[in-house]
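**Student:** Sequence:
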Amino acid sequence: MTARAHVPLSTLGRWRIGGPADLVLTPTSTRSLGLALVAARDLGKPVIIIGDGTNLLFADEGFRGTVIRIGPAIAAVRHSGPGRIEAEAGLWVPSFVRLAIGAGLGGVIHAIGIPGRLGGLVTMNGGSQRKGIGDHVEWVDAFDRDGVLHRLDRDQLNFGYRRSRLQDGSLVVARAGFLLPHRASEESRREAIAILAARRAKFPRIHANCGSVFVSDPALYQKIGPPGQAIELAGLKGATQGSAQFSPDHANFIVNRGGATARDVLSLIALARDRVAAMTGVAMQAEVRYVAPNGAVTAAHEILGT
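In my numbering, the protein residues as written are 1 to 306.
Keeping only pairs whose Cα atoms sit at most 27 Å apart, straight-line, the calculated DSS-like set for lysine-lysine is:
id : residue 1 : residue 2
1  : K237      : K131
2  : K223      : K131
3  : K237      : K202
4  : K237      : K223
5  : K202      : K223
Simulated from the structure, these hints should not be mistaken for lab results.
Quick caveat, the model's predicted, so the values are computed rather than measured.
Model the full structure from these sequences, guided by the hints.
**Tutor:** See below:
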């Protein structure tokens, strides 16, 4: 396990936004993840767990506590039976999908272009094309904040659209087991290539961003379409606040054009939510989580009174 003090959170998140964290611990194994949780508890300060910070917006003031960062050192993976894969939380999501494809397994191809760690994907029940990784999770091994490891079966995880029990913060994913359907590798590769090509064509790649900002809501989708389309119809595609901007490529992305602040991003989120609600009657929910200086993690639309 490594430890660093006064680390700029802008170097740890994909938005490249955020002030300094008091301490960052980086475990090098699942065992040291448990030890890191115990060490952080004993310091008596707030603790947050991150992977690549894909869905997080860090406060401009930073974080007065301990960050535990789960990365590629915790990324072991193995086949555990027909259609079954066990993988650790730090595994890169596209690598997990490619491994499944190579093994003649499907069900997770939709996640091929998601830039993040597997533990975060499971926690958020992340995915694309309105699919979620939770559909194929059999069990999760997770540490509590005292470093005790627990196994949770699928029916204990309460998966819903972009939701799971794991989001309450009391448990930290160490590894997960997946049961995947068999599918011809070549067929899966063709689908993966098509998904990646579509993402490259419409998603911003030049400026730092965290991916989709708002969750796709069925009521909004039925009335007007996905969040990006709603934001565009509200006249906000390309709109700016400071150095933050609704991407001209895809309006459900907010990009950092250089020097954007968390306040800039939150202002755009509030603006889009208000405009779309006035137009459709639907209040969009942010997929992004805001990390306050005291460690409170809140859906970004709940900040600034949005």
